[in-house]
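Read off the chains here:
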Amino acid sequence: MKKVALLFLMAILAAVAMALSIYPSYLLAPPQAHTPEDIAHAFQMRGLAPWLVLAVALLSVFVGVTVWRLPKRPGIFRRVLLGTALVVLMAPLVVAAVISRGTIFERMFASLSEVELESDTASDTLNPVGDDEMVMGISVGGASRAYPIRIVGYHHIVHDTLGGEPVVATY
Amino acid sequence: MWSRVVDGQVLTFRMLGLNNQNFMMTDEQTGTWWQQVTGEAIQGPLAGKRLARVPSDEVRLAIWRQDHPDTTVMAYQEAFADNYLAEDWETNVAESPVPEVLVTGREELGAREVVIGVALGEQTKAYSREVLRAQGPIIDFLGGVPIVLAIDADGQSVRCFDRRLDGRTLELFAVPDADSFQMLDAETGSTWDFAGRAIDGEAAGQQLTRVQTLTSFWFDWRNQNPETLIYDAGMPQPGDQPAVAPAATEAEAADVAGSEAAD
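Here the protein sequences come in this chain order: A and B. For the first sequence, my numbering assigns the number 181 to the last residue and increments by one with no breaks. For the second sequence, my numbering assigns the number 603 to the last residue and increments by one with no breaks.
It should be emphasised that the hints constitute simulated quantities derived from the structure, not laboratory data.
Across the chosen pairs, the derived CB separations fall in these ranges:
id : chain 1 : residue 1 : chain 2 : residue 2 : range
1  : A       : V75       : B       : A387      : 37 to 45 Å
2  : A       : Y36       : B       : G348      : 34 to 42 Å
3  : B       : R393      : A       : L136      : 27 to 35 Å
4  : B       : Q349      : A       : E124      : 16 to 24 Å
5  : A       : A153      : B       : Q547      : 18 to 26 Å
6  : B       : A526      : A       : E124      : 42 to 50 Å
7  : A       : F72       : B       : E447      : 49 to 57 Å
8  : A       : R88       : B       : Q349      : 53 to 61 Å
9  : A       : T94       : B       : Q349      : 46 to 54 Å
10 : B       : D428      : A       : E124      : 27 to 35 Å
11 : A       : A50       : B       : E567      : 21 to 29 Å
12 : A       : T45       : B       : A526      : 47 to 55 Å
13 : B       : D428      : A       : F18       : 48 to 56 Å
If you want the footprint, here are the derived chain A segments under chain B, 3+ residues with CB under 8 Å:
id : region
14 : 27-39
15 : 108-122
16 : 136-148
17 : 157-169
All C-beta atoms, glycine included, are put in the ideal place defined by N, C-alpha and C.
All chains should be modelled from the sequences, with the hints used to inform the complete structure.
See below:
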């Protein structure tokens, strides 16, 4: 009975870790309204989440080891069963640890680290950019560049360097 | 468009999440949280700092090319072919459900109505793009600066100019039936093109100073600029006096116009 109770406790710890890892993303999710205090809270939780998840994970490992050390009835089958249960209950902690390192939006949107130019591109099915397409145009250090809004609007964040100046297009 | 250099450090950004429907990004160097639309650091080690704005032009490629014949153009990439916004993305977004946003009691315009936002001096003002399409060019005063908003026949390309020339304030009117966008001023009788250049008349060859605009949805502009004024489409514009006495603010206004203007 004690064994079952401890395994149940591990299941709860796994759920808590998952919730902690997703919480900062939830705070920054549409469509809710945000006050500056909400954002400050999100920032705090974003910083704490990896540590809280780590603490929960360590606790879970401790409980897992305790369960394993309890007197076991003989039989390889029971050992395999218990071992599998422990792995299944601790796997979400690994997932939570990974998730807690960033918000889910960081994974959802592919920000670009560099720009491919029309003059360099091998893709002629999508290019050239049409004369009637809306662009964001900038001139820096004597160089000019146009960024189609349909591109920046998908990536949201496009890193570039123009005229020697590191710039970022956001939309 | 922003410079990525803050206090000599070059930053790289990642998407972070939404703050009232406007995304925030985080930089990999310091973990600071930045609001995309204002360039302001709102949480983290660099909180309170601002990214330096790179003046940008939001126009059709053909118009951009006219003024910058040597421009390079960012290309579409095959890898993201299925992800790019559809050509009619703006309509799709406008028709999507209106999100819950901060209630400020400012519902003069539809939440997803497209506005052209201008910030000059202490004042910010929203101009409905629909009104600009119907009435453009619009002449107005903002932050003590006489300005003119121009919209191309494409209904999307928008530019704003300081309409002072050699100490005179120009009253500008649309030239109907012109092949391309043109406006005429009453003071010098000159014709001006969409780049703010006088192409004939007494002022031929002169250039009006650019003022940065931001095209956005009304709810977003309103959230970022709670004190924003709204252009009143019914107001008679020609001959209007500036809201602030020009003598007191001329120098200050010129200063602001200089720092905000595009190159």
